[in-house]
Structure formats: C-alpha cells, structure tokens
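Please put together the full structure from these sequences, using the hints given.
Line by line, the protein sequences are chains E and H. Each residue of the first sequence is one higher than the one before, starting from 129 at the first, in the working numbering. Each residue of the second sequence is one higher than the one before, starting from 96 at the first, in the working numbering.
Do not rely on the hints blindly, as some may be mistaken.
Claimed, not checked - Once the Cα atoms are required to be at most 25 Å apart in a straight line, the calculated SDA-like pairs of lysine to any residue come out as:
1. H:K334 <-> H:I363
2. H:K487 <-> E:R229
3. H:K97 <-> E:G198
4. H:K100 <-> H:V478
5. H:K487 <-> E:I256
6. H:K315 <-> H:R246
7. E:K216 <-> H:T405
The set of hints was computed from the structure by calculation and includes no laboratory data. Remember, it's a predicted structure, so these values are computed and weren't measured experimentally.
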Amino acid sequence: MRSEQICLSQVKKIFSIGENKVEALGGVSLSIYSGEFIAVMGSSGSGKSTLMNILGCLDIPTSGNYSLEGLAVEDLNRTELADLRNTKLGFVFQGFNLLPRTTALENVELPMSYDRHCRIANPRKSSIEALRHVGLENRLNHEPNQLSGGQQQRVAIARALVTEPAIILADEPTGNLDSHTTLEILELFQRLNREGLTLVMVTHETEVAEYATRLVELRDGRLLKDEAVLTPRNAEEDLKRVAS
Amino acid sequence: MKFHKLIIVALKSIARNKMRSLLTMLGVIIGVGSVITMVALGEGSQKDIENDVVSLGTNLLMVRPGSIKSGGVRGGAGSRPSLSMKDVSRLKQSATLLRWVSAEVRANGQVIAGNNNWNTTITGVAPEYLSIRNYQIATGSFFTHRDCKTRAKVAVLGKTVADELFPNESPVGARLRIRNVPFMVIGVLAEKGQSSMGNDQDDIILAPDSTVLFRLSNGKFVNDISASAVSSEQMDAAKAELTALLRSEHRLTAKDEDDFGVRDQTEIIEIATQVTGTLTLLLSSVAGVSLLVGGIGIMNIMLVSVTERTREIGIRLAIGARPFDILAQFLVEAAILSLFGGLIGILSGLGAAWAVGMLLGVSAVINPTVVLIAVLFTSGVGVSFGFYPARKAANLNPIEALRYE
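In structure tokens:
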C-alpha cells in the first residue's frame, strides 16, 4: 500500500479585504499518496492557487488541518515553514522564477545554501547531477537569459529536485511554453514520476492534465471532481509521434 | 546561509550596480573622510601650539606685577608696578629650583639707523634671557654680565628689526639710536618666526637690563621677570619657591594677597588646547552630521534595492530561505557598503589631512584611535541604517513577493 504523504481535512482559507471576507477554500479534504502525479484543474478564482500555496507551506489555512508526512503544518511559524519548504518541497513556477544573472548551476545550488543541516553532502556534485537529470549538463554556466523557456523550466525543475523533496509542486509549469516544449516538460515529469517522485501540477489545459495519474478539479473553493485518470497519455510517445 | 556565502552574495549584488553602490558609498566616504581630516588637523594644530609654547622658553615661569586695588576697585594685571631689580637679585641669590632668572624691562621707541627707522620694543634683559627664551645668536655675540653692570649701550637685534634697519649690510658693529640714545649693534638673533598667537617673535631689540632701565625707562620697576625652572618635573615646586621668595622680599604678611602673578607654560598650553579642542569637536560634529546623512543614503538605496529585488526575495523565501537569512543578506550588504565607504573615506581623509596640512602649514596628526572609531562607527551606521530595509525584506509575504512585477 502506498503511504499517505499529504492529508488535508476540511481546509478553509478566508481572505479579508477590508470589510469583505472572501472564502477562497471552503473546506477541502484531500489525501495525496506517494508516487502520484496529480493534476489540479479549475477556472481562475476556483481556489487552485490558494490550494497550491497551502500545499507549498507558503500560506497557512484559516481552519482545518494539513499534515505533511505526519507533521501538522498549521502550528508552525515562519521559520519552521521555511525549513519545511527547504527540505520537503520543491517548487516549479509558471514564470520559471530563476535568479537573473546567476548561472544555472548556481540557481540549482541555491536551495542547499539555505539548508542548515547540510543534508546534501556535496551541493555542487548534486547540482550537476540534477542538471544532467533534466538534460542540461551542457548548460551549467549559462545564465537564464541565455536559455530558452523550456531550458529555464528544466533548470527550475532541477532546482526543485536537488534537495530530494517529498513532493514537487508545479504551478502552471507549461503555461509559458509552446506545445512541443510542453510535451518535453511533461515527458520529464512522467519520467521523474516513474522514478517514484510525487507531483502536484496545477493546469487549466485539459490536454496537459491528461498526462497525470489523478485529476482533481476545483470550483468556487470546493472539490468538484477527484478521480483517477484511467489511461494517462504518454508524453514520450507523443513526442516521437510529433517528430515523425 | 553560511556567512561567507552571504558576503559573496552581497558583493555580487554590489558589483551588479557599480555606479549606484559608489554613489551610495560617497556619503559615507565624505562623512568619514571629513571626520578624519578634521580630527587630524585639530590634533595637529594642538601639537603645533604646544611646540610653540615650548619654544617660548625652557620650563618658563613668568612673573608679572599684580593689580592695583584702591577702594575696592581693582586694576588689571600689571597695573601696579611691583617688581624691581631687587626682586631679580633676590631670586638669583636664593632660589634653588630656578636655573636662570632675568628681568624684562620694556621700552617702546623709534629706532633710527642711518636713513632707516623702525618702531619696536626694546627689552632689557640679563644674558640668561637667551637660554630662558630659547633664542640663538645668528651673527655677532650677546652681551655679558659686565655689560649689564656698566649699563653698556649695546644691542642685539631680532631678524625683523635687522632686516628693516639694515637691509643691505651686516648690522653687527653698526650704530643706531633709540630715542636719541646711541647704541652699538653687537649681534643678531636667529629667526624664531611667528608664535601661534600670530605675533612676530623676531621684531625685538634686546639690550642689557640696567641700560634700558636707567636710560630708556623709569629707573625703578621692571615689567616682568622670566625664570627657568631646573626641570619640567620641578615646575610646581619652583613656582612655589619663587612665590615664597617674592612674598618675603615684598614683606607681605600671611593675610596679604600676592602683589604679583606667576604663570607657567602648562596654563598657556591648557588654554590653547581648550580652544583647539572645542574647535575640533565642533568641526567633527559637523562632519559627523554628514556621516549621518551618508547613513540615510545607505538606507534609501537599500530600500530601493529591496523593492527592486522583491521577486528575488520571494524566490529565496519559496525555496526555503528563513526570514533571518533574508535579513542577514541585506544587513551584510549594507554593512559592506558602509565599511567599503568607510575604508575609502579613511584613506581619502588621511590624504586630505595631509594635503590641507601642507597647504595651511598645519601639521596633521593621525590618531589610530580615531581611525578605529571611524571604522566601528561606519559599520554601525551600515548595520543600523540597513536594519529597517532588511527587516522589510525579511517580513515580505512570499506569495506576494513572487507575484510582484
């Protein structure tokens, strides 16, 4: 039986804008098991970004419980949340969010410089290894503006991978990429997922969501749909077909 | 994040905006530089004054007559002529802690030599006066005790007087008239220059005390008595002995006030030191204000930098930087900016002190303590003025920071 990595129960998030209270999440319960590749869908304002922020420990729920690998996140302070993001989570953003004028290698090394326990013995070696894993072993010393969008996103994925996180959260990772590069990134995600990595990916494109193993759809801050994808598409095969 | 990495990150970000960093540092550079310059020049001129005072004479004690007191109204110092040649001989005979004693009898008058004339002060002194006041003979010779006894009409000229009266010839052996009394010039004093108070120490004529007293002055009272204590350690004892001797000579009872005053160099030095010290303090505080302004400049630029790098801060927070890491990053950057500025400021301050000192003829004294304080103060400025922007950065919400365009 696969182990439960994340458990959300009755998570609510309410934003107060002046007098108005906006309920972004209205009681979401969700369990995520290791080795899953989950696509989170929903129109804008459905609460998927809020859900990602809470999953990513960037924000804490107004009420409800969130346990990450058995740890109750809602009780942690800013510093403890930062440590948790550093050790257990990897982020991939729509806008890549690499440090400008900083080489790919340095970008990948960055998370480890904030690890006070130095879990990774040799940050440089691990970073090179992570970049090789995403196929950028020839671009170590390139800066983000010398890389294509797809390559930048690969650097971001390497940066997320290098700390050996429990889970990778990708917020519209293919939103800024063309269809071919999108396939390449999805192929990478599927490969990482086959190697045992848990992935949560927010997207609003149905074609992209079809590569995941489980589909979660939100509307107005509530779960609308939560179902397994019976036959996920294979990005590798799709790439080959496009090429031929 | 480890400290050496913080420094590397800070240096990179400073190097990324070279012009801006330089302008930011300029405030600190000017602040530190001017503090260093002011203090160096202040201490230098203090030193100059001390040297000047020492050049007035060796372990000098100056006795001046007291003040008149009639019906409760007191005249100024020296208003009552109370010192006489008898006092001088008493001191010469009985004092054990005074090496040299000399009367000073002053007369003003027009001095005429050939076609030239000059108005100056003629001071009647004993031969010891040369040693007491650190004068040197440039040419010719000085008069002797014998000249003093015989009221010889001989004179020794200061450099200024010699130049004015004898522009083209050697004055030694020449004749001149002082208030119609003929004198023979037997020597010229070596140049001593201006005193720190600005008066020309070479605009003098020295003649035997008795000659001036009886031929040019009133024949009774001397203006001052100069004496030299045997050593600088014995100054106070010598002063006490001198006072006691003069009191007994003047037959003063225990309840009478002194009818004379004794001053020594330490008092003069103290006054001069106080004046320059106040001036130095004033100038340094003005310079200190510019350092403060420099600090505010750092804060300003750090605030701009935090805003500009909001997204970067968001990325760092998202991948696990603790708020403290962000705080430290910006604090280190501010500290490095001000420390660099401080170091450049110290160097330029030292250079400026040297240059201004050369220009104004004041010596510049570099005090290592002041340099150390300047370094500590600038890093303090950096950290304290960097704290607000750094805290602002550390308290950013990562979600909003990531969304910041």
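So, going through the hints one by one against the coordinates:
For the suggested pair K334 (chain H) and I363 (chain H), the alpha carbons sit about 15 Å apart, so the restraint of at most 25 Å is met. A distance of roughly 24 Å separates the Cα atoms of K487 (chain H) and R229 (chain E); the hinted pair therefore holds under the 25 Å criterion. Using a Cα cut-off of 25 Å, the hinted pair K97 (chain H) and G198 (chain E) is violated, with the two alpha carbons roughly 30 Å apart. For the hint linking K100 (chain H) to V478 (chain H), the alpha-carbon distance of about 18 Å falls within 25 Å, and the restraint holds.
Of the supplied pair hints, the one linking K487 (chain H) and I256 (chain E) is violated, its CA atoms being roughly 34 Å apart against a limit of 25 Å. Restraint check: the Cα-Cα separation between K315 (chain H) and R246 (chain H) comes to about 15 Å, which is no more than 25 Å; the hinted pair holds. A C-alpha spacing of about 24 Å is found between K216 (chain E) and T405 (chain H), which places the hinted pair at or below 25 Å, so the restraint holds.
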